Structures are given as C-alpha cells and as structure tokens.
Amino acid sequence: MTNEASTAFDWWWWWDIAAVLLSVTCLIIVAEVLLLVNGKPLESWSFPIQPNSIISVLTTVSKSAMLVPITSCLSQLKWRHISTQPRSLSHFQVFDDASRGPWGSAVLAWRMPLQSRLGWALALVTVIALGIEPSAQQILNFPLAERELKNVTATIGQADFYESKSMQVTSQNDDFGIQRLNLHAPRLQLSVLEALIGNASEPYVNCPAPATRFKWLEFTSLGVCHVLHNVTHLSTRKCNRRADVDYTNCTYILNLGPEYIPKEPESLSDPERGFPKTKMEYEYCNLSNSSAPNQGVITRLGPGNWNGTLAQYIFLRHSQGNWADGPDGSRVLTYPDILISDLRWCAKTYTNTSTSTRSPRATPMSVRNVMLEKTFANETTWTFSSPKGLTYDIPQIAVRGLNIYLSSMLLIDPNEYPCSGASSRSSIFDSLSVLLTEDLWERLDNVAETLTNHLRADIGGDNRNVTLAEGIAYIRELVIEVRWEWFILPVTETVLTVVLLLVTIVITGKVSLLKTSVMAFLIYPLKGWKEGEMCVTDVSNMYKLDKFAEGMYGKMEMLDGRYNIVKHE
1 MTNEASTAFD WWWWWDIAAV LLSVTCLIIV AEVLLLVNGK PLESWSFPIQ
51 PNSIISVLTT VSKSAMLVPI TSCLSQLKWR HISTQPRSLS HFQVFDDASR
101 GPWGSAVLAW RMPLQSRLGW ALALVTVIAL GIEPSAQQIL NFPLAERELK
151 NVTATIGQAD FYESKSMQVT SQNDDFGIQR LNLHAPRLQL SVLEALIGNA
201 SEPYVNCPAP ATRFKWLEFT SLGVCHVLHN VTHLSTRKCN RRADVDYTNC
251 TYILNLGPEY IPKEPESLSD PERGFPKTKM EYEYCNLSNS SAPNQGVITR
301 LGPGNWNGTL AQYIFLRHSQ GNWADGPDGS RVLTYPDILI SDLRWCAKTY
351 TNTSTSTRSP RATPMSVRNV MLEKTFANET TWTFSSPKGL TYDIPQIAVR
401 GLNIYLSSML LIDPNEYPCS GASSRSSIFD SLSVLLTEDL WERLDNVAET
451 LTNHLRADIG GDNRNVTLAE GIAYIRELVI EVRWEWFILP VTETVLTVVL
501 LLVTIVITGK VSLLKTSVMA FLIYPLKGWK EGEMCVTDVS NMYKLDKFAE
551 GMYGKMEMLD GRYNIVKHE
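Counted the way the numbering used here counts, the sequence shown spans residues 1 to 569.
Treat the hints with care, as some may be off.
[As the list claims (entries may be wrong)] Capping the alpha-carbon separation at 30 angstroms, the derived lysine-lysine pairs in DSSO-like fashion look like this:
1. Lys544 x Lys527
2. Lys567 x Lys547
3. Lys150 x Lys40
4. Lys510 x Lys527
5. Lys544 x Lys555
6. Lys374 x Lys279
7. Lys165 x Lys374
8. Lys530 x Lys555
9. Lys215 x Lys388
10. Lys215 x Lys165
11. Lys544 x Lys530
12. Lys527 x Lys567
13. Lys530 x Lys567
14. Lys40 x Lys215
15. Lys238 x Lys279
16. Lys544 x Lys567
17. Lys530 x Lys547
18. Lys555 x Lys527
19. Lys527 x Lys547
20. Lys215 x Lys150
21. Lys388 x Lys374
22. Lys165 x Lys388
23. Lys567 x Lys555
24. Lys555 x Lys510
25. Lys567 x Lys510
Simulated from the structure, these hints should not be mistaken for lab results.
Predicted, not measured: the structure shown is a model, and the values here were computed from it.
With the hints as extra help, turn the sequences into a complete structure.
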C-alpha cells in the first residue's frame with residue numbers, strides 16, 4: 001500500500017504540466033509561422049501543405065492539450081469542494097460532467113457560479129474553447145494586393161528628338177524635303193483621321209509580364225498642344241444678297257492681334273498669311289432654295305510654322321443653322337462662331353502616369369504643358385526651346401510635312417457654288433460633319449494627343465529616335481494577411497489555462513490528489529447515514545440518482561484514521 005501511494009505521488013501534476021507546455025509550444029510555433037508569412041505572396045509559400053492548414057493543425061493540437069489540465073483541475077476541485085464544508089452529494093456529478101466537456105461545464109457555470117469560483121472559471125474556459133477552431137480559420141486572409149517588382153522595368157515612350165519615319169527627304173540638298181514613298185505616312189494620316197472622329201491613339205507602353213500595373217512618377221517629352229480661341233468679337237461682316245443667282249455672299253474680316261497670330265518680321269507684309277487682317281468669304285443659299293444646306297463650316301489656314309506653331313486654323317461655323325427669324329418676322333442670317341485653333345509644339349510633363357493590364361490606356365494624374373518657341377533654324381533643322389531651358393530639335397521636313405497633312409484634312413473651302421449642288425469641300429476627307437456637329441475643342445485636342453503619341457513611339461509611332469522612360473512595375477496577386485485579432489482567443493485561452501492550473505495546484509495542495517479516480521468513490525465510504533437512508537428503491541436511471549443525492553449533504557473528513565464522506569445536516 002505504501003509503494004502504491006508513493007508511485008501515485010510521483011505522477012503528481014506532471015502529465016498536466018506537460019500537456020499545457022505542449023499547448024503553449026504549439027501556439028509559439030503558430031505565432032512564428034504567422035510572423036513569417038505575414039505580407040508575403042501566397043505563391044512564395046513552397047511547402048506542400050498550405051499555411052492555413054498548418055495553423056489549423058497546430059491550434060487543434062494546442063486546444064486538445066489545453067483540455068487535459070482543465071479536465072484534471074475540474075476533477076480535483078470536486079474533492080476540495082466537498083472537503084471545505086458540507087456539500088450536496090449531487091455536486092460530485094456536476095463537477096464530473098464539467099470535466100467531460102462544454103455541456104457539463106455550461107451546467108456547472110449555471111448551477112454553481114458562486115459556490116466554486118475557480119470551478120466556474122475553468123468551466124467558462126472550457127465553453128469558450130469551442131471558438132478556438134473557428135477563430136483559427138479566420139486568422140489568415142488572402143486578399144489581392146499590389147507589390148513592386150524589383151526585377152521588372154516598365155518603359156514608356158519619351159520624345160527628346162523627332163526623327164520622322166513618315167516624312168523623309170530624297171537628299172540633304174532638298175529645299176523643302178521631297179518626301180520618299182513609305183508605309184509610315186498612311187499610318188500617321190489614319191491616326192489623325194481616327195482622332196478627328198473621337199479615337200485618340202494610345203502612347204507606346206512596354207508592360208512586361210508578370211506585372212499587372214505600371215507607374216511613372218514624372219517625365220517630360222516633346223509633344224503637340226492644342227489651344228482654341230473664340231474670336232467672334234474681333235470680326236465684322238458685310239453681306240451682299242444676289243437674288244438672280246439665289247445666294248448671299250458674305251465677307252468676314254478678322255482684326256486679330258499678336259495674342260492670336262504670332263508676329264514674324266518677314267511675314268508682316270504678306271496679307272495671304274493673315275497679316276494684318278484675315279478675310280473669309282462664304283456663300284449662303286437664299287431661303288427660296290429649299291434643297292440648300294442649312295448649316296455650314298469653312299476653315300482657313302493661319303500663319304503656322306512660326307514661334308512654335310505647328311499649324312493654325314480659323315474656323316467659321318454655323319452649328320445652329322444659317323437662318324433665323326428676325327424681329328419683324330423676316331428670315332435673317334445668323335452670325336457664326338469664329339474660332340482659332342492653334343496646334344503648337346510644347347514640352348509635356350507627365351506626373352504619376354499609370355496603366356494596367358485591365359486598363360491599358362496610360363493615364364497621367366496631371367500634365368503640365370510648356371509652349372516652345374523657335375530659337376534656331378537652318379536648312380534642315382529647327383530648334384525649339386522652353387523658358388526653363390528645354391531644347392528640342394525637329395527636322396524642317398517634319399514640321400512642314402505635318403502642316404501639309406493636317407491642312408489636307410482640315411481645310412474646307414467652298415470654292416464652288418454650294419446652292420447649285422456642287423461640292424463645297426476641297427479636301428478628300430469629309431470633315432464637314434465632324435467639324436460642324438462635334439465638340440471642336442475635344443476633336444482637335446484628340447489630334448494633338450495623337451500627334452504627341454506618335455512623337456513618343458517608334459513601334460506603332462512616327463519617331464525613330466525615342467527615349468524610353470523607365471517606370472515602376474507592380475503585380476497584383478494573392479498575399480497572406482494575418483488578422484491578429486483572431487489569434488487573441490487561442491492565446492487568451494492558453495494563458496488562462498496555465499494560470500488556472502497553477503492556482504488549482506496551489507489551493508488543492510492539502511487535498512488528496514484523486515482527480516478523475518473512480519476507485520476513490522469505492523474506497524472512501526459514506527458515514528453517518530442510517531441503513532434505511534441508504535436504501536434506494538425504484539431508482540432506474542442517473543437522473544433519479546442525482547435527484548436522490550441532492551438531499552444528501554456530506555463533507556470529506558478524517559475519521560478513525562482514514563478519510564470518509566461524513567454526513568452533515
């Protein structure tokens with residue numbers, strides 16, 4: 001008997017301490033795994049088992065190990081519970097059920113919240129432990145996030161010089177550069193036509209895989225800018241109605257100052273270039289001709305190619321109809337809108353330009369335009385500069401060639417009688433409807449953007465000498481995100497288990513270490529009850545036994561040299 005008692009004492013609480021150490025160790029490993037994977041791409045995880053599976057396994061082991069000391073503590077507390085003062089013998093069953101799982105623990109917490117505060121705390125930990133697995137499943141999240149790719153460089157076109165592919169000369173001695181036949185010119189012309197109908201071309205962007213988004217902080221490129229002025233208030237009109245030929249001829253005189261037309265000394269004496277006045281004539285069909293058009297537009301080429309101006313156009317537009325009702329009920333001619341459009345060489349600074357595989361258009365956060373002025377010219381090259389010292393060289397053939405291309409598409413001159421049904425356009429391109437009915441500023445701005453994008457591109461563009469601005473490449477991918485708030489529950493449960501185990505060891509130190517022993521109920525007899533009180537009839541299940549035990553109060557005491565459960569009233 002002495003040897004058996006010694007052997008039992010040797011086990012003490014060591015199994016429970018080992019179990020709680022295992023639980024703590026598992027949580028430490030979980031924490032290390034979480035710190036390791038937090039913020040990392042999911043693809044970088046090279047192990048065959050996924051990180052969330054590792055977390056699930058470790059937290060399950062931790063919880064299982066944690067319940068071992070909780071079971072022992074609840075079982076041991078029932079012996080202390082009945083040793084401190086007389087208790088109902090039914091409390092044995094309550095503590096025993098609590099040591100078996102959450103349902104029994106919930107019953108203990110409900111029935112005995114004040115009679116055993118430590119038991120109530122252990123029961124509460126057992127019940128809350130039900131949330132450990134769901135919490136573990138919520139610890140890891142896998143959102144889509146962007147990260148910078150250090151080994152991938154995105155590039156976008158940047159023009160520091162314009163060496164046109166579409167406008168080439170047959171020899172260096174050509175005065176105006178006779179152009180060679182090539183396949184690049186139609187591409188440029190078609191792009192301008194697309195811009196006029198609303199589809200501006202895209203800049204050249206190199207977006208290497210596996211990147212999904214690209215960003216350029218800031219770069220500056222040679223480009224074309226567009227400025228539109230309404231100069232209707234600077235015009236006068238004189239009309240002559242000729243009933244014999246069924247049309248009215250009107251002459252518009254524009255008195256434009258230097259803010260609209262750049263001055264060059266050699267051009268002041270050239271009236272055909274708009275100096276000092278610009279004259280435009282337009283023939284209106286009289287009202288009697290019902291088949292005549294009721295709207296019209298004509299354009300004139302202004303004095304371009306000077307002071308940074310690529311091309312300048314003057315638009316006379318009746319967008320709301322030629323005729324209107326007068327005050328006396330008669331039909332009178334409406335006054336048209338007269339607009340000046342400047343396409344100018346400029347330096348464009350792009351800030352925070354970004355593009356992605358989902359939206360391939362390279363969109364800058366902001367664009368700063370600085371107009372360029374011609375500062376030098378020789379037989380082959382013109383130099384344009386900005387006030388901040390930016391300098392760009394452009395071949396003369398490119399400047400003149402672009403002017404010719406644009407003029408062929410934008411000039412509309414009614415040099416034949418429109419009322420007779422003859423053509424009123426000198427261009428092959430039918431730009432009349434576009435320039436008349438659409439937003440003129442938007443369409444010409446598309447032209448400027450398209451020309452800029454051709455300057456910034458070799459592939460698909462018109463510049464052989466393109467500089468590539470390097471940008472930052474990002475990839476959008478699944479990353480591992482640790483939601484630490486869901487890790488609080490497993491940690492708190494384990495910490496409470498450690499604390500409650502230590503408290504239980506201390507306060508039950510003077511009580512026999514019986515824990516879950518069934519033999520103790522057989523060895524420690526009930527004393528003080530009469531034989532008739534112990535005679536139970538018609539008890540066929542545990543519920544009736546529990547009811548019977550509720551009225552029996554006893555306390556574990558030393559009697560005749562051994563422990564007994566002694567009756568107390």
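TODO: Any hints from earlier that this structure breaks? Give me their numbers in increasing order, please.
DONE: When the structure is compared with the hints, none of them turns out to be violated.
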